[in-house]
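Colleague: Top to bottom, those sequences are chains H and C. Mapping of the first sequence onto this note's numbering: residues 73 to 380, in sequence order. Mapping of the second sequence onto this note's numbering: residues 196 to 713, in sequence order.
Source of the hints: derived by calculation from the structure; they are not laboratory data. C-beta atoms are modelled at their ideal positions from N, C-alpha and C, and glycine is treated no differently. Treat the hints with care, since some could be wrong.
Each pair of labels, with its calculated beta carbon distance range [claimed, not checked]: (1) H:137 / C:706: 42 to 50 Å; (2) C:400 / H:138: 30 to 38 Å; (3) H:74 / C:568: 52 to 60 Å; (4) H:205 / C:591: 37 to 45 Å; (5) C:320 / H:97: 27 to 35 Å; (6) H:362 / C:400: 33 to 41 Å; (7) C:513 / H:90: 51 to 59 Å; (8) H:230 / C:580: 21 to 29 Å; (9) C:450 / H:80: 26 to 34 Å; (10) C:275 / H:146: 55 to 63 Å; (11) C:450 / H:90: 33 to 41 Å; (12) H:164 / C:602: 37 to 45 Å; (13) H:145 / C:320: 22 to 30 Å; (14) H:221 / C:450: 39 to 47 Å.
Listing some non-contacts, in silico: residues in chain H with all C-beta distances to chain C over 10 Å [to be verified]: (15) 289; (16) 290; (17) 291; (18) 293.
The residues making up each chain are set out below.
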Amino acid sequence: MLRFLTLRLVRAVLTIALVVTFAFVVLRLSGDPALLIMSVDAPPEAVAAFRKAWGLDEPLWQQYLSYFGAIASGDLGRSMRDGRDAIVLVGERIPATLALTVPALLIKLGLGIPAGVYAALHRNSWADRLVMFLAVAGFTVPSFVLGLLLVLVFAVQLGWLPSGGQDSWRHAVLPVITMGVGGAAVLARFTRSAMLEVLGQSYIRTASAKGVPWAQVVRGHALPNAAIPTVTIIGFMVGSLIAGAVVVESVFSWPGVGRLLVVAVANRDLAVVQCILLLVAATMVTANLVVDLLYGALDPRLRRGGSR
Amino acid sequence: MRLTRRAALASAVLATPALAQADQRPMLTVAVQKLSNSNTLETPREQSNVGFRLSPSYAEPLIGSDWQGDLSAVPGLATEWRRVDDRTVEFTLRDGVRFHDGRTMTAEDVVFSFTERLQGGPGHAVPPEIPAVAGRTFPGFERMEIVRPGVVRYVNRVPDVTLEGRLAQNIGVVLSQDAWGRSANWMEWARRPIGTGPYRVAEYRPDHSLVLEAHDDYWGGRPPARRIRFLEVAEVSSRVNGLFAGEFDFACDMPPDQVPVVERNARFEVLGAPINNIRLLAFDQTHPQLANPLVRRALSHAVDRQVIVETLWAGRTRIPKGLQLEYFNETFVTGWDVPAYDPAEARRLLRQANYRGEPIPYRLLNNYYTNQVANAQIMVEMWRAVGVNVVVEMKENFSQTVERGATRALHDWSSTSLFADPVSGLVRSLGPRGDMALAGEWQNAEFHALCGVLETSTDRAARRAAHRRMLEIAEREDPACMVLHQAANFTAKRRDIQWRAAKAWTMDFRASNLRFPA
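Whenever a hint applies, use it, and build me the whole structure from the sequences.
Modeller: This is the structure we're talking about:
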């Protein structure tokens, strides 16, 4: 177990280092932060002063080494646009994003898994077809289209809910539904496929032939075995809790990490972008680690090092 | 009548809701695409279109601008001003002007606003770009001196006929010296500047919202709105939806194609007009295909600007008379115009230049400017019609479009004339210390020499002659850029609110320009 965890940890650190390096190179080679932050009409003297103040006039490799060294010592840098520590800026936005992504995750789980299971257990019925129709629709409609449609109906036409902003819990309803519906559709499709595969296995037939009640077969044999691919998808969803609402936050003017990321990338505010990427990578790696551990809990063969 | 302590307390408690009820002024919500590029409200740091929109609400310069009129100079924090000599302007300060912190503005505040605030001092270190920006706006600044209480003098190192124009810019707003001293650091100061404007900054949440509250001691009259909340709504469709849903009273930054969408709803209207910004296409004279001025002239003759204005802008903007605006008044060159649409002349120039269809790159941003991509596509086809092979390269940000390299030839650009003189646009953009010269895109020795005449000469006839010659060089002989059209700024709003759009980026919410339905 210790070897397993150590290996995962090393891989996680390497992944994060690669992510940071990639972001640094791409962002620094694709735009000058001084010009972007100081605006197009800024006098050249001001741009030069800005570059000097932030060390942007140093060779790229030197900037990279300085940045990496700082990260190693726990300093994620300061925002060139805001002047404050990047971690403080990002930290301020995390609650807003979680206020959307956590309820949306609950909707995804609460709707997607039962719908997928139900569709699989009633394969080829009208209910199955309806669930799959809705799942395909939810999966294929981009979130910004769905978001705007919801706004048109519930904010503009009916006037029941606000169209955007972050002033009360009512402002969160439409963005949460927008994110929840898409994710639920994905989960429903995966859950149905996994269940259908498991339901076709010989051990399900054997259990039924032995007279085990169908509900017990489903609960005791089908669901745990179908859980592995579903848990993988849920792992991705948990991993994207921090920055998984970029589009929805833009559509609904929700000041979360996603909006901050968009603005920071547009301004090449390197420290902020990399801070967010670090957090995203760390969340994703942690979620994957938990998923790996869950695999072992769900399937004893994986715990013993066997293959599936 | 004997006033007991209990009675006094009771009357105080009763008075509180009564006071709150007394203020029946409405609150406004304004949706904007962007609040501030720099996450600050300090004018030298936020020299942007979005900054120009907000700053007049909370801070004012000595010389104001006639926002609803021709942008000419009007009394601001100074009631009058006079030229002492070619280098000096004397200002009489308005009596009894109150800052948002309740203090009365003094001559010391004016001096502070031009010195310590812009240059830094023992109180606070200012970011290095602040003195640089200030240095460009007031390049000859020597000192601001107090003549006597209520009278100050701006002294320049060299003669400059544009001083009044420079002093009307928002970098020259007067802020409270006392508040500067109380701020913990520069960023805190820059996010809550204490000015004299009709509204004071109550809350600023970067990238989200700015709340302004009425400054009831405002010298220009009690502000008609109790509170104005600017909300950052990045998506235009979200701004329109919020307006229709009744959540916003104003929705800014409307592209022309949204104007009919909004106006189909009888409750709303779109206001706006051409502003003091000219959209340009910049030429890089160092690119092999553009080294010959004849090719640049051909590019300009090949574009039918009027068609673009009518189709993309529904006729809601105009083509300026070359690289100048009418509000330059005495320096405005009458009879001057942009090169005429003349495809035959364009073909003739291309033949004369021996141009044989070599590709000319056009670095294009995805609608940084309104209608930018559609405008570019139309122009590319117009150029193709006369035999010019322009190849579009999409770029992500402005720094990529001006980056030196073999593919830098054409890119979009704009020039804002912040005060009524060609120095504010032409010299700033094309002069020897201007953007194009420093980027290594365009230089012309005669033009650069004439910039000196415009900047320092006090002979008005000589300045006008220099301006005419500069237009000839920059638009005809050795084109630096081609004028496309005047930029226009559109704001959607509730029809029942009386408000007029400025001929600039500014939004004016003073009592003189805002009235609510009874």
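Colleague: Does each hint hold? Answer for all of them.
Modeller: Here's how the hints hold up against the structure:
{"no.": "1", "hint": "H:137 / C:706: 42 to 50 Å", "verdict": "violated, 58 Å"}
{"no.": "2", "hint": "C:400 / H:138: 30 to 38 Å", "verdict": "holds, 31 Å"}
{"no.": "3", "hint": "H:74 / C:568: 52 to 60 Å", "verdict": "holds, 57 Å"}
{"no.": "4", "hint": "H:205 / C:591: 37 to 45 Å", "verdict": "holds, 38 Å"}
{"no.": "5", "hint": "C:320 / H:97: 27 to 35 Å", "verdict": "holds, 32 Å"}
{"no.": "6", "hint": "H:362 / C:400: 33 to 41 Å", "verdict": "holds, 34 Å"}
{"no.": "7", "hint": "C:513 / H:90: 51 to 59 Å", "verdict": "holds, 53 Å"}
{"no.": "8", "hint": "H:230 / C:580: 21 to 29 Å", "verdict": "violated, 50 Å"}
{"no.": "9", "hint": "C:450 / H:80: 26 to 34 Å", "verdict": "violated, 50 Å"}
{"no.": "10", "hint": "C:275 / H:146: 55 to 63 Å", "verdict": "holds, 59 Å"}
{"no.": "11", "hint": "C:450 / H:90: 33 to 41 Å", "verdict": "holds, 40 Å"}
{"no.": "12", "hint": "H:164 / C:602: 37 to 45 Å", "verdict": "holds, 40 Å"}
{"no.": "13", "hint": "H:145 / C:320: 22 to 30 Å", "verdict": "holds, 25 Å"}
{"no.": "14", "hint": "H:221 / C:450: 39 to 47 Å", "verdict": "violated, 21 Å"}
{"no.": "15", "hint": "289", "verdict": "holds, 49 Å"}
{"no.": "16", "hint": "290", "verdict": "holds, 44 Å"}
{"no.": "17", "hint": "291", "verdict": "holds, 45 Å"}
{"no.": "18", "hint": "293", "verdict": "holds, 48 Å"}
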